[in-house]
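Residues per chain are reported as follows:
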Amino acid sequence: MTVRVRRPASTPSCHGGSARSEPPRTGQRIVALAGNPNVGKSTLFNALTGGHQHVANWPGKTVHVARGRWQLHGGSTPLEVELVDLPGTASLAPRSPDEELTRDLVHDPLNRPDLVVLVADAAAPARSLYLLSQLIDAQIPLLVALTMTDIAASRGTDVDAAALAAATGVPVVVVPPRRGTGRIAHGAASGGSSTDQLAAAVEASIARPVLPPPTGITWSGADSPPRADSTSDSAAGSDSAAGSDSDAGSDSDAAVAEAAARFGWVHEVLAHAVADTGHRRTWSDRVDRVVTSPILGPVVFLAVMWGVFTLTTRVAAPLQAGLDRFLSGPVSDAAGRLLGLVGLDGTWVSGLVIDGLIAGVGTLLTFVPLMALMFALLTLLEDSGYLARAAFVADRVMRAMGLPGRAFLPLLVGFGCNVPAIAGTRILPDARHRLMTALLVPFTSCSARLTVYVLVATVFFGSAAGTVVFGMYVVSLLLIVAVGLVLRSTVLKNTPVEPLVLELPPYRVPTLRVLTRGVGIRLAAFLRTAGGIIVGTVTVVWLLSSVSLTGGGFGTVAVEDSVYGNVAQAVAPAFAPAGFDDWHTSAALMTGFVAKEAVIASWAQSYAASEPADASTPGTLGDHLRTSFEQSSDGHPGPAALAFLVFLLAYTPCMATIAAQRHEIGGRWTAAGVVGQLLIAWTLAVAVFQIGRLVW
Amino acid sequence: MIDPMTAVLRAIESGAGSLTEAARRAEVSYDEADAIVETLIDLGRLRREAIAIGCPSGGCGTCGSASGCHPAGHRDAPTLLAIRPVSPRPGGPSAQ
Numbered sequence: 016m017t018v019r020v021r022r023p024a025s026t027p028s029c030h031g032g033s034a035r036s037e038p039p040r041t042g043q044r045i046v047a048l049a050g051n052p053n054v055g056k057s058t059l060f061n062a063l064t065g066g067h068q069h070v071a072n073w074p075g076k077t078v079h080v081a082r083g084r085w086q087l088h089g090g091s092t093p094l095e096v097e098l099v100d101l102p103g104t105a106s107l108a109p110r111s112p113d114e115e116l117t118r119d120l121v122h123d124p125l126n127r128p129d130l131v132v133l134v135a136d137a138a139a140p141a142r143s144l145y146l147l148s149q150l151i152d153a154q155i156p157l158l159v160a161l162t163m164t165d166i167a168a169s170r171g172t173d174v175d176a177a178a179l180a181a182a183t184g185v186p187v188v189v190v191p192p193r194r195g196t197g198r199i200a201h202g203a204a205s206g207g208s209s210t211d212q213l214a215a216a217v218e219a220s221i222a223r224p225v226l227p228p229p230t231g232i233t234w235s236g237a238d239s240p241p242r243a244d245s246t247s248d249s250a251a252g253s254d255s256a257a258g259s260d261s262d263a264g265s266d267s268d269a270a271v272a273e274a275a276a277r278f279g280w281v282h283e284v285l286a287h288a289v290a291d292t293g294h295r296r297t298w299s300d301r302v303d304r305v306v307t308s309p310i311l312g313p314v315v316f317l318a319v320m321w322g323v324f325t326l327t328t329r330v331a332a333p334l335q336a337g338l339d340r341f342l343s344g345p346v347s348d349a350a351g352r353l354l355g356l357v358g359l360d361g362t363w364v365s366g367l368v369i370d371g372l373i374a375g376v377g378t379l380l381t382f383v384p385l386m387a388l389m390f391a392l393l394t395l396l397e398d399s400g401y402l403a404r405a406a407f408v409a410d411r412v413m414r415a416m417g418l419p420g421r422a423f424l425p426l427l428v429g430f431g432c433n434v435p436a437i438a439g440t441r442i443l444p445d446a447r448h449r450l451m452t453a454l455l456v457p458f459t460s461c462s463a464r465l466t467v468y469v470l471v472a473t474v475f476f477g478s479a480a481g482t483v484v485f486g487m488y489v490v491s492l493l494l495i496v497a498v499g500l501v502l503r504s505t506v507l508k509n510t511p512v513e514p515l516v517l518e519l520p521p522y523r524v525p526t527l528r529v530l531t532r533g534v535g536i537r538l539a540a541f542l543r544t545a546g547g548i549i550v551g552t553v554t555v556v557w558l559l560s561s562v563s564l565t566g567g568g569f570g571t572v573a574v575e576d577s578v579y580g581n582v583a584q585a586v587a588p589a590f591a592p593a594g595f596d597d598w599h600t601s602a603a604l605m606t607g608f609v610a611k612e613a614v615i616a617s618w619a620q621s622y623a624a625s626e627p628a629d630a631s632t633p634g635t636l637g638d639h640l641r642t643s644f645e646q647s648s649d650g651h652p653g654p655a656a657l658a659f660l661v662f663l664l665a666y667t668p669c670m671a672t673i674a675a676q677r678h679e680i681g682g683r684w685t686a687a688g689v690v691g692q693l694l695i696a697w698t699l700a701v702a703v704f705q706i707g708r709l710v711w
Numbered sequence: 012m013i014d015p016m017t018a019v020l021r022a023i024e025s026g027a028g029s030l031t032e033a034a035r036r037a038e039v040s041y042d043e044a045d046a047i048v049e050t051l052i053d054l055g056r057l058r059r060e061a062i063a064i065g066c067p068s069g070g071c072g073t074c075g076s077a078s079g080c081h082p083a084g085h086r087d088a089p090t091l092l093a094i095r096p097v098s099p100r101p102g103g104p105s106a107q
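Line order of the protein sequences matches chains P and H. Last residue of the first sequence: 711 (the numbering used here), numbering continuous. Last residue of the second sequence: 107 (the numbering used here), numbering continuous.
I should point out that these hints are in silico values taken from the structure, not numbers from a laboratory. We treat Cβ as the ideally placed atom computed from N, Cα and C, and that holds for glycine. Check each hint, because a few of them may be wrong.
As the list claims (entries may be wrong) - So the derived label-pair ranges between C-beta atoms look like this: (1) P:V555 with H:L92: 31 to 41 Å; (2) H:L92 with P:V364: 55 to 65 Å; (3) H:R35 with P:W684: 31 to 41 Å; (4) P:H122 with H:G55: 47 to 57 Å; (5) P:L311 with H:R95: 19 to 29 Å; (6) P:T505 with H:A61: 34 to 44 Å; (7) H:R95 with P:A286: 42 to 52 Å.
As the list claims (entries may be wrong) - One side only, chain P facing chain H, incomplete, derived with CB under 8 Å: (8) A108; (9) L285; (10) D410; (11) V412; (12) R414; (13) F608; (14) V609.
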């Protein structure tokens, strides 16, 4: 099938033997306003008709149409016409009853209007020209009313009305609708007031003969193939969107071919009539130009995240330390005295309450200021629209690495929690993409790991804690890319890359209501969820640490000799090459395998329980960690702490993630993933410590 | 000679990540690319879907901030619009 499109007419001439004239009507003339939605059509209608209008269903349709009287003054003989405000429509291929009305009306030989005024948006002229091409081919008297010229100018788009009229063969009137004024560009007499000029253009256009369609495409609608004629010298030739070899009987392909031909015509008209200087961008465009830039975008993203973590740790750290001192001092003391008053001091109840619940849950409470600030900053980023830009940048980076672009969505969710991220892989249509992404998700640094990062970074790196935490997220991103590339080049070769175009939402000014609501909900949920996990884990750890392998009484055994202590000590040597083979830390990592929220609570519990003599003043957890890492690393606590953080990031997130993976990708791949995570985590941790101890 | 619609479609299929990029690759204005994409969506050659930046609505396991997330479709949820081509057609640009 070949679709022919002629070049735009060089003049809007009304010559030509094939032109036909509309027969004059005896009744009142009807002028219809048509156009895309939101182009100012109704504003123009109201300005022209004033109060002389009414709204009713169109005869035979259930579509509301406004109709009114408009007294023309611009012609030689004043004339009153009936003005009809047709529903907004994108094209004459209807998608709704509203749009169907416009299509039916312009093709009804008995009842169609005497003139259709196409209200066209100068700021987005392509859509209006697409509709114009269909109206032209319907061979109905036309006039273009160009609106939004001020907005177009502010965006650097200059529409030359005279050139537009010349290129389309349709008279063009510039009509800023808010003022109801206009000037005639072509096809009618000039002079007089602007409203008169518009009226004159309308009157002249009603009497004007209808030209043969300059587009050369016979309108067909979406339901039937176009009746194209002759050969092509235009963009819709042999290489159209539908393909020249497409089945002529396919309505769908024919409709696409027709649309392609029309856009070829639109393109040529735009080239003649529109100058896009591009000098005046909106502030949103200017911001997007930087934050979504291929080079600056990732830099800005990293800088923003560094700022978030640095601000969070610097502001929240003093508050956190104060809370820690309060909970481990006065609160623990008061609880001890209270238990002493009821005769439970020194019993297993005292161990569970003071060493378990207060130490574990209390440590969680110290993170409230930090999490509140973090949630506030992330809510600001999200609500402003920046997070969508960050996702856009991430998508591009991933695709540049040859990874599936759409996979960034579940991976992004993974930075909140890995479990829904695994479930979120279902949005990927390709099975290999789903498998690859489900294997990558555990390397995204979930929010449960964040509290551990902050604690360790604050204890060992002081004012640089924010940078260290930020670095963990960078390591997480690098791990995702590296493991993804390895998977693509080995077990998941030839994974197709799916095209994906993203449209960004507009920027918004975050509101205080949304901010406080978002922080409140997230903070409450964090405390509720993490608190539940910690209480459960603390209870189990307390039970295991109260049972002796050598037959001592329940709750009377030293924790090092308990089931919990013995297993942790058996595992600890595996971490000697990484510099953190202290059994308290290996115990924390074991409970972290169940849920990362439990790591700090497990540390707090085991350190408190291992020093029963100091139960009333157990000291801060930070002091214990510093001493422990100093000893286990032979004087290199910094590299050992970094190695621990890297291991924590890379090894299996939690049991819930394993269950989700098994459900999505099966037991074999899940088992392979867990083994891979442990190997990668251990190897990286050893490498970090061994290299770090040489230089630090 | 390639027409603007085919050029935009090919730009998307070849990995243009945004409408701006698709317009640049197709050598058309952003306005044209936008209008072409809308038409291709109307014609069923592209599909638009709102995607949430946040947690899915199906529950978030043990996530500490689960109930604070905006699930897809939530009125406060910032979304990206993903335009994905539908299945390639015999004789269409992707097969060429």
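Status of each hint after checking the structure:
As the Cβ distance of V555 (chain P) to L92 (chain H) is approximately 46 Å, the hint placing it in 31 to 41 Å is violated. At roughly 58 Å, the beta-carbon separation of L92 (chain H) and V364 (chain P) lies within the given 55 to 65 Å, and the hint holds. Range check, R35 (chain H) to W684 (chain P): about 40 Å between beta-carbon atoms, so the 31 to 41 Å window is met. Our hint of 47 to 57 Å for H122 (chain P) and G55 (chain H) is violated, since their Cβ atoms are close to 23 Å apart.
Look at L311 (chain P) against R95 (chain H): about 27 Å separates their beta carbons, and that is inside 19 to 29 Å. With their beta carbons about 35 Å apart, T505 (chain P) and A61 (chain H) fall inside the hinted range of 34 to 44 Å. Hint check: R95 (chain H) to A286 (chain P), Cβ distance near 30 Å, so the stated range 42 to 52 Å is violated. Evaluation of the A108 (chain P) hint against chain H yields a held restraint, the C-beta minimum of about 7 Å falling below 8 Å.
Because the closest C-beta pair between L285 (chain P) and chain H is about 7 Å apart, less than 8 Å, the hint holds. The interface hint given for D410 (chain P) holds, since its Cβ lies 6 Å from the closest Cβ of chain H, which is under the 8 Å cut-off. The interface hint given for V412 (chain P) is violated, since its Cβ lies 10 Å from the closest Cβ of chain H, which is over the 8 Å cut-off. Taken as an interface hint, R414 (chain P) checks out: its beta carbon lies about 6 Å from the nearest beta carbon of chain H, inside 8 Å.
Look at F608 (chain P): its Cβ only gets to about 13 Å from chain H, farther than 8 Å, so that hint breaks. At a threshold of 8 Å, the smallest CB-CB gap from V609 (chain P) to chain H is about 10 Å, leaving the interface hint violated.
Hint compliance for this structure: hints 1, 4, 7, 11, 13 and 14 are not met, and every other hint is.
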